[in-house]
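Q: Sequence order for the protein chains is H and R. Here my numbering is used: position 128 in the first sequence is 1464, and no number is missing along the way. Here my numbering is used: position 328 in the second sequence is 468, and no number is missing along the way.
One or more hints might be untrue.
[What the hints assert, rightly or not] Quick list of in silico lysine-lysine cross-link-like pairs, DSBU-like style, CA-CA up to 30 Å:
{"hint": "1", "chain 1": "H", "residue 1": "Lys1563", "chain 2": "H", "residue 2": "Lys1640"}
{"hint": "2", "chain 1": "H", "residue 1": "Lys1640", "chain 2": "R", "residue 2": "Lys290"}
{"hint": "3", "chain 1": "R", "residue 1": "Lys483", "chain 2": "H", "residue 2": "Lys1477"}
{"hint": "4", "chain 1": "H", "residue 1": "Lys1640", "chain 2": "R", "residue 2": "Lys485"}
{"hint": "5", "chain 1": "H", "residue 1": "Lys1477", "chain 2": "R", "residue 2": "Lys485"}
{"hint": "6", "chain 1": "H", "residue 1": "Lys1640", "chain 2": "H", "residue 2": "Lys1354"}
{"hint": "7", "chain 1": "H", "residue 1": "Lys1477", "chain 2": "H", "residue 2": "Lys1563"}
{"hint": "8", "chain 1": "H", "residue 1": "Lys1477", "chain 2": "R", "residue 2": "Lys479"}
{"hint": "9", "chain 1": "H", "residue 1": "Lys1354", "chain 2": "R", "residue 2": "Lys290"}
{"hint": "10", "chain 1": "R", "residue 1": "Lys485", "chain 2": "R", "residue 2": "Lys290"}
Hint data in this document are derived by calculation from the structure and do not stem from the laboratory.
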Amino acid sequence: MSTANSAHSVVEPSSTSKRIAGAIVILYAVITMVPLAWIFLTSFKSPPDSISYPPKIVFQPTLEGYCNLFTTRTRQTPDYIQSLGAPTSTCDEITRNRNMVIAGPSNYWPRFQNSLIIAFGSTFLAVSLGTLAAYGFSRFKVPLADDLLFFILSTRMMPPIAVAIPIYLMYRQLGLSDTALGMILLYTAVNVSLAVWLLKGFIDEIPREYEEAAMIDGYTRLQAFWKVVLPQATTGIAATAIFCLIFAWNEYAFAVLLTSGSAQTAPPFIPTIIGEGGQDWPAVAAGTTIFLVPILVFTILLRKQLLRGITFGAVRK
Amino acid sequence: MTARFRLSGRAVRPDAPASRFLVTPVTDTDTSLMDKAAAKAVRATPAPLAFRVRGLSDRSIAWLFITPTIALLLAINIFPLIWAVYLSFTNFRANRPNAEINGVGLTNYQRVLNDPDIWQAMQTTAHFVFWTILLQMLIGFALAYLIDRKFRGHAFWTTVILIPMMLSPAVVGNFWRFLYQPQIGLFNYIYSFFTGVPPSSFEMLGSVALSPWAIIIVDTWMWTPYVMLICLAGLRSIPDYIYEAAEVDRASAWRQFWSITVPMALPFIMLAVLFRAIENFKMFDMVVLLTGGGPGSTTEVASITLKREAFESWRTGRASAFAIILFVAVFGLANIYVKALNKVKQR
Chain H
1337 MSTANSAHSV VEPSSTSKRI AGAIVILYAV ITMVPLAWIF LTSFKSPPDS ISYPPKIVFQ
1397 PTLEGYCNLF TTRTRQTPDY IQSLGAPTST CDEITRNRNM VIAGPSNYWP RFQNSLIIAF
1457 GSTFLAVSLG TLAAYGFSRF KVPLADDLLF FILSTRMMPP IAVAIPIYLM YRQLGLSDTA
1517 LGMILLYTAV NVSLAVWLLK GFIDEIPREY EEAAMIDGYT RLQAFWKVVL PQATTGIAAT
1577 AIFCLIFAWN EYAFAVLLTS GSAQTAPPFI PTIIGEGGQD WPAVAAGTTI FLVPILVFTI
1637 LLRKQLLRGI TFGAVRK
Chain R
141 MTARFRLSGR AVRPDAPASR FLVTPVTDTD TSLMDKAAAK AVRATPAPLA FRVRGLSDRS
201 IAWLFITPTI ALLLAINIFP LIWAVYLSFT NFRANRPNAE INGVGLTNYQ RVLNDPDIWQ
261 AMQTTAHFVF WTILLQMLIG FALAYLIDRK FRGHAFWTTV ILIPMMLSPA VVGNFWRFLY
321 QPQIGLFNYI YSFFTGVPPS SFEMLGSVAL SPWAIIIVDT WMWTPYVMLI CLAGLRSIPD
381 YIYEAAEVDR ASAWRQFWSI TVPMALPFIM LAVLFRAIEN FKMFDMVVLL TGGGPGSTTE
441 VASITLKREA FESWRTGRAS AFAIILFVAV FGLANIYVKA LNKVKQR
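One chain only, chain R, in its complex shape (with noise of 0.2 Å):
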């Protein structure tokens, strides 16, 4: 099995310089094809400018093509973002449409950036991304690498692992807020069932020390699939003949774990980083319908607060600056973190 990756927008040809992801599959079917779109150019009289002509020119066709993209993208994305930069600038709120508009200069960015509210979001957000980042990698890189042992049912087993992270956070995260119940809980049941605790003593909702951990508990039991399989791909990438060869060498298993597997499973693994980290950064549905950021302010998140000063507090203003520097640092942040990842991959 192998694995090709990409993370330019450049397409990888099989002339491109060599890089150890890339093998181009060639199946029967391509090569019967091929043979009978060569017989049709030779059949066909060579006339390399006929195409040209007639019809639409290459160039006029890429922009007809591209354009529609580019344009609903401008009309729905950045139209919009220009406005909240234009916002973040002004005391506008939304629920007051008429009235006055003033320009309020850099305020708005002071005031987020001296918010202690805001910082706590920051911290909380941060404290959430970490952890489930952790476990979702410890745990999933585990179980990719338990599947790449290919035991017997291996396919539908990971088939069955995957299901979960392909529903609704939100209608799923709504139904853990039953599990999480005190007393009639699955979850607390359970939890007392092994360890003897009566299960109506805590609160995994309810309480600031436990709250924190519950949504973290959902996040890894609903993403850890994702980086089970971005890691088994890149398990998968790594030749038979490395291995082959420590053997020879007669180097230990855990030598060729640490020495042959993690190096080469790492961009995968760093591209599996990559993206948890852009998606929990903007958590939001999951943890609005668990706990809506509560009890107190324990688990709101950046997103959470966001909407409240937004939609809530409907100073769009400020709301705006805070986005736009959320905006700023997730995108900042993502593009150092690529070109890391792009200096791995060359390794």
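In isolation and in its complexed conformation, chain H is listed as follows (with noise of 0.2 Å):
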């Protein structure tokens, strides 16, 4: 920040309104991270730290919440307790001073795993049918283009509710219900309307040059688009993949829906999880961190382009 320049530029705000501005979206942004904060510290907490009056801000740091994240437990006498000799683990330990045995893994991690197949499946194939309708939109007189690209994002348009009835319905008659695939294919139909507009804006920015360059060198249309175009659409690709990958991390409705067991992804478990007498906040807080944790990173990976992103690709920077 240079005082001396800004004095003289007409446009630049005065160094006073700077501090001021800065002190007030400071002060927004630390409010704003107080929930999640307290998710953080919550997932540290004993069951009772968690649920004292007044919250706890000061507190002795334990392993309990994530050990019942990804356990079950049966209450125990003390008698059997001392009978099973040394425990073999921390979890172990902190269980059995609640008086309770781990009694076997708890759906955490299968739920957590089916969030990971089913997010990075729906995103591959979004991403690649995408691309490829992308770059026919981009490159091709398409009849009635404008028409076909607002019927691709009107899709978007349909509270999830109305479209899971009918899905619903048609999963039961074909076997898809509660099956992975069926939900790769459900979000990979969301995500594809997403992928379709934002990496048409990708690719109208590569200039078709580029390409009638290699088809005048000998190159098919095919080799061209995947020699030439391709590479130069990565970052877009990249971008693009993300943003699905969020929205099939992220989605609820239609996994409430139509998964109950074998299918079911992390958002519709994580609210299910309780301990005795209630929910169990220090666990639900520790899978609530555990899922939240890559969102984080992949914003950050992503804020150059989050703008196009969140705005179906309307306004760019």
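Put the two chains together into one complex, using the hints given.
A: If you want it as structure tokens, here you go:
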């Protein structure tokens, strides 16, 4: 910040106004981070600490929430626990201190795996299909192109529940209910509209002259697409993929209506984590923390492309 | 910093009619590659027809590339939609798949439109959409305006502010239930810390008066960054020379704000309103996990009513009719709005 220079510019704000602006924005940023910080802190609290009044900011951190997240436990008599011998792990020890023993793994990890499989599977499909279609719309005169593109976008305007009714019936007929394949296809269909719109914007920005030159050199159209356009579009494809991934990762409405067991993803599962006598908040917080971390990383990676992604490519920077 | 703006499917090209948002960045890599390509083109023997004959024709490639996407959308989006339209004219119930299906004409539509519960849900949705958009626009625009002062570290803090909108509304909404607990919840604690009201004297989620505001607060917390980001692009699209000219004309800061900043950022603000309105009209996950529509039906937005009709009462035909009405409403309103938006843009 150079005050000497800015004093001469009429459009450069004064350093005082900059400082005030900065202070307000930072205050806002800190306030919005409080709920997220609270999730993180709660995940390291013991259940009694998590529900104490006044809410505890200083506490003895424990891994109990994470242990409870990944295990199911049964209450046992102290005599029985005494007879078991030395605890085999930290979680074992924490559980026994509560007069319980670990009965087996919880459903969190399988649900998390489902989230991974469905998110990555649908992203791969949506981006592959989207890249092809975007190239088609970008480079060729497609009859009714604007109508088709608007049709592709309009599929995003439906409330998910409205779409879910017939999908539910259709999947029941086809045996796709509660299967990863069914969810992958559904998320692909939802994401492909975003992928086409975003990627068309990215491909529009690649000059046609590159391919034309390559084709004059003897490449076929397909070779030119593969060897000239795709490498140029890598950034756009990566950004689009992350947007699709985030959507599929976060999606709840379809997941809760169309999956119940084997293909259930993490978002409908996390709210169902309960302990003895109600919701086990440290375990919920632990599950939430693990679930949110990948998105946090992606947000930071994507920050330059965010604007474009959230507006379907309508606003570019 | 320049921004480009586009709402039709057609690509914006540098030779398109001049628009103030339209600046195509040409970077150094572009030019060097361009030169290489040009050199290649010169070296090659001109054979304009050669690449048309070999391999597939452009026309067939275009269809080959576009068809899979259209086919998928037809199978997963359009076919079910047509099915839903068909079901909306029947008395079909999904929990009795073997029962005889009878056509009932427009009865379902009549019942939906005359159902006071559904109108109640539409009112709840309208209240939710109106207040969330108003709050998000005010806070979002103010934040964008402040960030545009380009204070030290503004890029870092912008990224921090953006985090909530990327998170799962369901998973985060579920956790807000904990923050809203009377007595033990952080929200009640902080509120009572600053106001002196006992933290267990009010229930954000349990009271008829407060629960609509509980969901508005969470939605605003989550989506203000979205509006902020779009408004920021709008502010950055205004060229400096306009402000410089205004300064020469001795226009006051207040006057500059209302005569330059607001009108020039308006298309962006309107776009943000459009996207938020569509999203919040469909709102389901965050509300269902926070309040489940309760207490009573004070926060029962349209999607929750729809879910109850379809998956709890199993009146599939009637739910389909409601879904079609919702879709037509969103689609129609969005279309009218986009037309208005394009008018503002062309001004």
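Q: Could you tell me which of the numbered hints above are not met by this structure, giving the numbers in increasing order?
A: none
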